[in-house]
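These protein sequence lines map, in sequence, to chains Z and H.
Residue numbers are given in my numbering: position 106 of the first sequence equals residue 106, and the series is strictly consecutive.
Just so we're on the same page, my numbering is the position in the second sequence counted from 1, plus 122.
Quick caveat, the hints were computed from the structure, so don't treat them as lab data.
Please read all numbers here as calculations on a predicted model, not as lab measurements.
Errors might be hidden in some of the hints.
[Unchecked claim] Cross-link-like lysine-lysine pairs, in silico, DSS-like; alpha carbons within 27 Å at most:
| id | chain 1 | residue 1 | chain 2 | residue 2 |
| --- | --- | --- | --- | --- |
| 1 | Z | 4 | H | 494 |
| 2 | Z | 77 | Z | 43 |
| 3 | Z | 36 | H | 389 |
| 4 | H | 494 | Z | 43 |
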Amino acid sequence: MVEKTNLICVSCPMGCTLEVTHDGKTVLETTGNTCKRGLSYAKAEISDPRRMIATTVRVRGGEHPLVPVYTTAPFPKPRIRELLDQLRAIELDAPVQLDQPVLTNALGTGVDVRASRKLAAA
Amino acid sequence: MTQRTHDVVVIGSGPGGLAAAIAARQAGAEDVLIIERGLEMGGILLQCIHHGFGTQTFQEDLPGPAYAQRFVDEARELGIQAMLDTMVLDITRDRRITVTSQESGFLELDARAIVLAMGCRERTRAQIRLPGSRPAGVYTAGTAQRFVNVEGYMPGRRFVILGSGDIGMIMARRLTFEGAQVERVLEIMPYLSGLMRNYVQCLLDFDIPLQLRHTVSRIVGQRRVEAVETVAVDERWAPIPGTQETIPCDTLLLSVGLIPENELSRKAGVAIDPVTGGPFVDDGFQTNVPGIFAAGNVVHVYDLVDWVTEAGTTAGRRAAAHALAQRRPARNPVQTRAGDNIRYVVPHTIDPEALTEEGVRLQVRVRQPIEKPVWVEVWTGEERITRSAERYVRPGEMVTVILAQKAYDAVRKAQELTVRVVER
């Protein structure tokens, strides 16, 4: 069944309002986007919604007790909880380097999680 | 007391200060010093662990700490000095800076140019006069953000957030990630005050309800917050009788606006615009005090770090030029004015003798949202010199109009420029 769904693109801070015409998970037409990222966002959001995820993991012996970490690519939305649970179990040792791998191929999605700053040892 | 003279001293090491210091050094200032109150450089970006930084500067979607790290590393490579854990107590009109720290003790420094980059502060409970008792459990959103993201404390389990600013929405998601329950986000205005993307990915994604035209009418609890009473308001923010509701919670977060931090600027004799809360600046971000520049959220509150970096770069470059005595004082500055549906325009003046190839960026906020296509126009007297097409305008989203080189003849002849919004 062909239907129309309104989405707000989250690819960048502009937040374009998209009108997506789609048949089930197949996108037929997207309007309202300013750039091509809007088209790929609409396609992904209808078929396989994903989000960039940022959280923290524990660090032993660092100048802060936590280090911030981030996904290097959008991560499947329905599995965010699972990812957070897995990251909660991780503890790194200081020092931590910027972009140090924290979790590779998280939950088999092909998405990596890395540290988003340097953290010196205390 | 020791005396040292620096080419450029930058107060604050957030994105504005880092960009200013780097640009000043690259523009030929030899002795550039950053003074930072915290223990490390990076400012508030260090607690902004979410994505969304750098989409304009690097065409990459970086988390805040990673964005800051690039500039911190660059500053170090350029040999920019930094005094950390150091508090600036005073700045004078003739650019003498008094600082104190455990390491240096009480110290006076002289600067040929200063860039003010102190950023902004959050509006507090006292400033919005929230009624009720004064229990523990009422925090500004940014304070809670620091607790959760840097220090590893959860400030509560069950939250209500007042204000739909970006930090409040981002914290709603962050707290949800950490297992807390976010009951509701309340916004007194009839529209969202943060970015739409944050409404989608922070509230909608996690089914956190947003109520527009609602506020907290009372905080309940003696030692700790036990509940908040909420109420719907009319156009004049008056509570609508019969709409009260009690929401049990243990913590109330406030995301109700940011105020440029200008106590030091005032001490230096810098004139402050009552609308923006920041200094009056020219197109090189020089204040009314020659040799004192200001960049970033200390001038007006931006919604994108990328624009803060850009402002810092401009201010740093001009500060270096001032320090190297290349810059003349502005002659007959052209005033910018807020016209129809514009709340304010930054910069406040343009130096017609110092127009550069890059064009001049006029950044404005509108008074009222218009959810249809509009022109944002720049007029000088009877002549429209440029305009920018926007698909909508909202008070929460800054609009930029660029005066390109082809508009410079008109700018040079103008007494003032007026920015206005008209429907297309």
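Comparing the hints with the structure gives:
1. Z:4 to H:494: 20 Å, holds
2. Z:77 to Z:43: 14 Å, holds
3. Z:36 to H:389: Since the Cα atoms of residue 36 of chain Z and residue 389 of chain H sit roughly 49 Å apart, the hinted pair is violated (cutoff 27 Å).
4. H:494 to Z:43: The hint holds at about 25 Å.
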